[in-house]
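Engineer: Line by line, the protein sequences give chains A and B.
Once you know that position 145 of the first sequence is 145 in this note's numbering, the rest is easy, because the numbers rise by one and skip nothing.
Once you know that position 65 of the second sequence is 65 in this note's numbering, the rest is easy, because the numbers rise by one and skip nothing.
The hints are simulated quantities; they were obtained by calculation from the structure and are not laboratory data.
Among the hints, a few may not be true.
To spell it out: a stretch of chain A is covered by chain B in this simulated footprint if at least three of its residues, at any positions, have a beta carbon under 8 Å from a beta carbon of chain B; those stretches are [to be verified]:
{"hint": "1", "stretch": "40-54"}
{"hint": "2", "stretch": "76-82"}
{"hint": "3", "stretch": "85-95"}
{"hint": "4", "stretch": "98-108"}
Listed next, the in silico DSSO-like pairs over lysine-lysine satisfying Cα-Cα at most 27 Å (straight line) [what the hints assert, rightly or not]:
{"hint": "5", "chain 1": "A", "residue 1": "K59", "chain 2": "A", "residue 2": "K18"}
{"hint": "6", "chain 1": "A", "residue 1": "K302", "chain 2": "A", "residue 2": "K208"}
{"hint": "7", "chain 1": "A", "residue 1": "K124", "chain 2": "A", "residue 2": "K176"}
{"hint": "8", "chain 1": "A", "residue 1": "K112", "chain 2": "A", "residue 2": "K180"}
{"hint": "9", "chain 1": "A", "residue 1": "K182", "chain 2": "A", "residue 2": "K254"}
{"hint": "10", "chain 1": "A", "residue 1": "K59", "chain 2": "A", "residue 2": "K208"}
{"hint": "11", "chain 1": "A", "residue 1": "K182", "chain 2": "A", "residue 2": "K112"}
{"hint": "12", "chain 1": "A", "residue 1": "K208", "chain 2": "A", "residue 2": "K182"}
{"hint": "13", "chain 1": "B", "residue 1": "K81", "chain 2": "A", "residue 2": "K59"}
{"hint": "14", "chain 1": "B", "residue 1": "K3", "chain 2": "A", "residue 2": "K59"}
{"hint": "15", "chain 1": "A", "residue 1": "K114", "chain 2": "A", "residue 2": "K180"}
{"hint": "16", "chain 1": "A", "residue 1": "K59", "chain 2": "A", "residue 2": "K182"}
{"hint": "17", "chain 1": "A", "residue 1": "K302", "chain 2": "A", "residue 2": "K266"}
{"hint": "18", "chain 1": "A", "residue 1": "K266", "chain 2": "A", "residue 2": "K254"}
{"hint": "19", "chain 1": "A", "residue 1": "K112", "chain 2": "B", "residue 2": "K12"}
{"hint": "20", "chain 1": "B", "residue 1": "K180", "chain 2": "B", "residue 2": "K81"}
{"hint": "21", "chain 1": "A", "residue 1": "K112", "chain 2": "A", "residue 2": "K176"}
{"hint": "22", "chain 1": "B", "residue 1": "K5", "chain 2": "A", "residue 2": "K112"}
{"hint": "23", "chain 1": "B", "residue 1": "K81", "chain 2": "A", "residue 2": "K18"}
{"hint": "24", "chain 1": "A", "residue 1": "K208", "chain 2": "A", "residue 2": "K18"}
{"hint": "25", "chain 1": "A", "residue 1": "K114", "chain 2": "B", "residue 2": "K5"}
{"hint": "26", "chain 1": "B", "residue 1": "K180", "chain 2": "B", "residue 2": "K79"}
{"hint": "27", "chain 1": "B", "residue 1": "K3", "chain 2": "A", "residue 2": "K112"}
{"hint": "28", "chain 1": "B", "residue 1": "K81", "chain 2": "B", "residue 2": "K3"}
{"hint": "29", "chain 1": "A", "residue 1": "K114", "chain 2": "A", "residue 2": "K124"}
{"hint": "30", "chain 1": "B", "residue 1": "K81", "chain 2": "A", "residue 2": "K208"}
{"hint": "31", "chain 1": "A", "residue 1": "K114", "chain 2": "B", "residue 2": "K12"}
{"hint": "32", "chain 1": "A", "residue 1": "K124", "chain 2": "B", "residue 2": "K5"}
Glycine included, every Cβ here is placed at the ideal spot set by N, Cα and C.
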Amino acid sequence: MIEARNLSKAFGPIEAVKDLSFEIREGEVVGLLGPNGAGKSTTIKMLTGYLTPTTGTVKVAELDTSRDIQSIRRRIGYMPQDIPLYEDMVVLDYLHFISDIRQIPAASRREKIKEVAERCSIEKVITQSIGTLSSGYKQRVGLAQALIHNPDILILDEPTSDLDPNQIVEIRNLIKEIGKEKTVIVSSHILSEVQATCGRVMIISEGKLVADGSPDELLAQERSDNIVHITFQGIGPDEGLEAVSRIDGVAKVKAAAEGRFIVEAKTGQDVRADLFHLAVARQWVILEMRTEQISLEDVFRKLTMN
Amino acid sequence: MNKLKNILTVFKREFLSFFNSPVAYIVITAFLLFSGWLFFQQFFLMGQASMRPFFGLIPILFIFFAPAITMRLIAEERKTKTISLLMTLPLGNAEIILGKFLAAVALLGVGLLLTLPYALTVASVGVLDWGPVWGGYFGALLMGAAYLAVGMFCTSLTSNQIVAFILGLGICFVFFIIDKILMFLPEKLATAFEYLSVDYHFHNIARGVIDLRDMVFYLSFISAFIIYSIYAIQREDWR
Ligand SMILES: Nc1ncnc2c1ncn2[C@@H]1O[C@H](COP(=O)(O)OP(=O)(O)O)[C@@H](O)[C@H]1O
Ligand SMILES: [Mg+2]
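With these hints in hand, go ahead and build the complete structure from the sequences.
Structural biologist: Structure below.
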């Protein structure tokens, strides 16, 4: 559905996006994740044809953004970051304006507007001027604007920034629901955001794609089954180190406080059974044994901090 | 067909939004105050039932009012970033520029329409020859559109309304003054400069003479600045 090839964008000396390539299939819900300034918005702006790539190409539904941008735009619903809306307009007039441009026939227009207003829960404010709305409502008007023509592709740039937790949950649910039938791209600098809604996460750091996969895949990639934390009751560091390091599969051991040891196994080896047998042989009591738990948060931090 | 519809959609939104902000009211009120005050001052001095003095003022007044109308059209959309939404809708750049330009022309037209009572006042105290009056209004609208096209170009260059205004004022002034420095120039050049003067063509039309050359001048002048504007928003690498 969307295919980016060797995409780069430079603003003078600033290289905002560097040689980005990815493909998004129809129906995928993709989270574009990265810290502030990573190049998410710039990437999205190139997908919508707002910015021209310095080098590289973008294809949407087999069409090239450099040639068929208007046909592409008809199939995209886009909500830019910081929801720039005409503050002086009444919500309803604004939706009529968008419907005009989106060529929604007059006959079905009222119905379409009503439907999208309901979906985004903005019926209450529909006669209000956009400038008077709270940021939560503005965000939802921005969403309504992006959804009104029932686009195949929905692109939302940081849709939940400045929302309170309840509103975040609402928007997330809406994204999930839309994602059942549409291709959706959501950008965020907050991991939990994309983890909750997206089947696939692309992590961008300093303009480069550093990871791409489902949340589970990313976890698996970085999982460290080979690190075991073990605590023996009343065993001193020297005694423990000496015994554990003698196990065949152990690459490294470190002693922590109060009988705790951090054991790193050689790649592909599981030393948990050996540790158990060691404890039995020496009649040590194991208080705790666990493999290191890594969260997606850790993966994100590891990949985006240099 | 769709293009026309899009132009109309942009036009409608822009025209209504003039009235959502104080800009339209301020510009129109100031225009009416200045033109009315200056005109009636001269009118009572001359004691002639003619709108000539009024149309004599228009080229100077429009140097200020045209850029004041256009200054926000693109610059403000850049500042508030609404342009990123506008330009990712299935709208051509030409449709955006033309819609906005026509809205500005319409607003100027409203301003001119509101000066009709001046002509009616004049007609009530003497015998007014309406031919030159209609010619004057038609010429004023054309000349105003030419200034507005300049203003449109200036607002397309920046995200700062004040910059757009001052730049527009400067360029309009150049095209106004250009035939008034003729005496310092060799004759060949003088004719060329005269042809470039917005004011010169206006006076031809305001005399009631509709000459093809004047029309061609205005239409090509407007087209040129509209095309520059379309190019100016082509690369939208603003934040
Ligand atoms: N129009 C621009 N001119 C100059 N630099 C820009 C422009 N837009 C973005 N940048 C720079 O490009 C980098 C990426 O920005 P952006 O794509 O907005 O990041 P993100 O959306 O991930 O926070 C930043 O360093 C930013 O300062
Ligand atoms: Mg961003």
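Engineer: Could you run down the list of hints and mark each one as holding or not?
Structural biologist: Tested hints:
no., hint, result
1, 40-54, "holds (count 6)"
2, 76-82, "holds (count 4)"
3, 85-95, "holds (count 6)"
4, 98-108, "holds (count 5)"
5, K59/A with K18/A, "holds, 17 Å"
6, K302/A with K208/A, "holds, 14 Å"
7, K124/A with K176/A, "holds, 23 Å"
8, K112/A with K180/A, "holds, 20 Å"
9, K182/A with K254/A, "violated, 50 Å"
10, K59/A with K208/A, "holds, 19 Å"
11, K182/A with K112/A, "holds, 18 Å"
12, K208/A with K182/A, "holds, 26 Å"
13, K81/B with K59/A, "holds, 25 Å"
14, K3/B with K59/A, "holds, 25 Å"
15, K114/A with K180/A, "holds, 21 Å"
16, K59/A with K182/A, "holds, 17 Å"
17, K302/A with K266/A, "holds, 22 Å"
18, K266/A with K254/A, "holds, 14 Å"
19, K112/A with K12/B, "holds, 21 Å"
20, K180/B with K81/B, "violated, 41 Å"
21, K112/A with K176/A, "holds, 21 Å"
22, K5/B with K112/A, "holds, 20 Å"
23, K81/B with K18/A, "holds, 25 Å"
24, K208/A with K18/A, "holds, 6 Å"
25, K114/A with K5/B, "holds, 23 Å"
26, K180/B with K79/B, "violated, 38 Å"
27, K3/B with K112/A, "holds, 23 Å"
28, K81/B with K3/B, "holds, 24 Å"
29, K114/A with K124/A, "holds, 11 Å"
30, K81/B with K208/A, "holds, 26 Å"
31, K114/A with K12/B, "holds, 22 Å"
32, K124/A with K5/B, "violated, 30 Å"
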